[in-house]
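> Sequence:
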Amino acid sequence: MVLLMVVPIIMVVGYSVMDNVITNQNPQPVGLENYVEVVTDPVFHTAVRNTIYFTVVSVAAHLVLGLAFALMLNSGLVSGRIRAVFRMIYVLPWLFTVAIIAVLWRLLLNPNGVINYLLDVAGFIDSKVEWLANPDTALHAITFINIWAGYPFFMVSLLAGLQGIPKNLYEAARVDGAGAAHQFWHVTIPQLKPIIISMVLLDFIWTTQQFALIWMTTGGGPINVTEMLSTFTYKLAFSRYEFSLASASAVVVLALSMILAFFYVRHQKARD
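Residue 494 in the numbering used here sits at position 136 of the sequence shown, and the numbers go up by one each step.
It is worth saying that the hints were derived from the structure and are not from the lab. Be aware that one or more of the hints could be misleading.
[As the list claims (entries may be wrong)] Derived DSS-like pairs (lysine-lysine); straight-line CA-CA distance at most 30 Å:
1) Lys551 - Lys486
2) Lys593 - Lys525
3) Lys525 - Lys551
[Claimed, not checked] DEER-style ranges, computed between Cβ atoms:
4) Leu465 - Leu362: 35 to 43 Å
5) Val443 - Lys525: 20 to 28 Å
6) His544 - Gly434: 16 to 24 Å
7) Val364 - Gly481: 55 to 63 Å
8) Arg445 - Asp534: 31 to 39 Å
Just so it is clear, the structure is predicted and the values come from calculations on it, not from any experiment. Idealized CB from N, CA, C, for every residue including glycine.
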């Protein structure tokens with residue numbers, strides 16, 4: 359198992375310091391030239407900015423929405439049957455494959471789709487919007503789609519955490535005169551903190567590596583406004599056939615993922 363992971367990584371690192379290993383019969387070492395070419399590429403800079411925005415906004419929204427829905431489902435605000443219905447509805451995005459999510463939202467965000475129709479009826483827009491084809495809206499649109507698809511993971515995990523908090527902690531807080539806000543910040547959040555940190559770190563890793571959703575909705579366009587590190591690397595390899603440059607880009611992404619994985623593993627060890 360270790361060999362299946364280590365050998366491909368070593369090969370990619372090796373390719374990244376050679377001239378194009380596919381088109382050249384006798385590739386020669388070029389040192390760090392491929393890395394320099396990648397990191398000085400303006401499209402790479404765009405991909406980095408987009409990846410940071412996409413990841414930070416997605417993870418923050420996943421946490422906020424997941425916690426909000428988990429608190430609602432764990433409270434007595436809704437009855438048992440309604441709670442079961444809400445739980446099923448909220449989990450639905452998590453059950454869909456990426457392909458289904460991409461097709462669904464391409465239809466919804468189509469100029470003649472439901473979203474434009476509802477916004478037009480409500481008076482929020484004067485003309486049809488090309489949500490996924492407009493450079494001003496495309497990045498925000500795919501970020502919204504990713505938020506919609508990912509928040510159930512946080513909701514389910516945090517709901518399990520909420521149900522595991524001892525009731526006597528809240529009773530003791532109420533006896534001391536603590537209100538709902540005080541209980542939330544000084545009882546609920548501290549009890550959920552280990553779960554929250556673990557999920558945030560995992561979500562950062564997964565979101566920075568997101569490829570399928572972006573490729574199936576915008577393909578990194580229009581004019582690179584939704585280009586991510588994942589799509590940038592893919593295009594280097596399979597559109598431009600610059601496999602050595604793609605390997606260098608992949609090593610950069612791998613290094614970022616390993617840094618995040620290091621913090622996740624360290625956090626898990628601290629919990630143990």
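> None of the hints should be skipped; say for each whether it holds.
Now the hints, each set against the structure:
no., hint, in the structure
1, Lys551 - Lys486, "violated, 43 Å"
2, Lys593 - Lys525, "violated, 53 Å"
3, Lys525 - Lys551, "holds, 17 Å"
4, Leu465 - Leu362: 35 to 43 Å, "holds, 39 Å"
5, Val443 - Lys525: 20 to 28 Å, "holds, 25 Å"
6, His544 - Gly434: 16 to 24 Å, "holds, 21 Å"
7, Val364 - Gly481: 55 to 63 Å, "holds, 59 Å"
8, Arg445 - Asp534: 31 to 39 Å, "holds, 32 Å"
In the structure shown, a violation is registered for the earlier hints numbered 1, 2, in ascending order.
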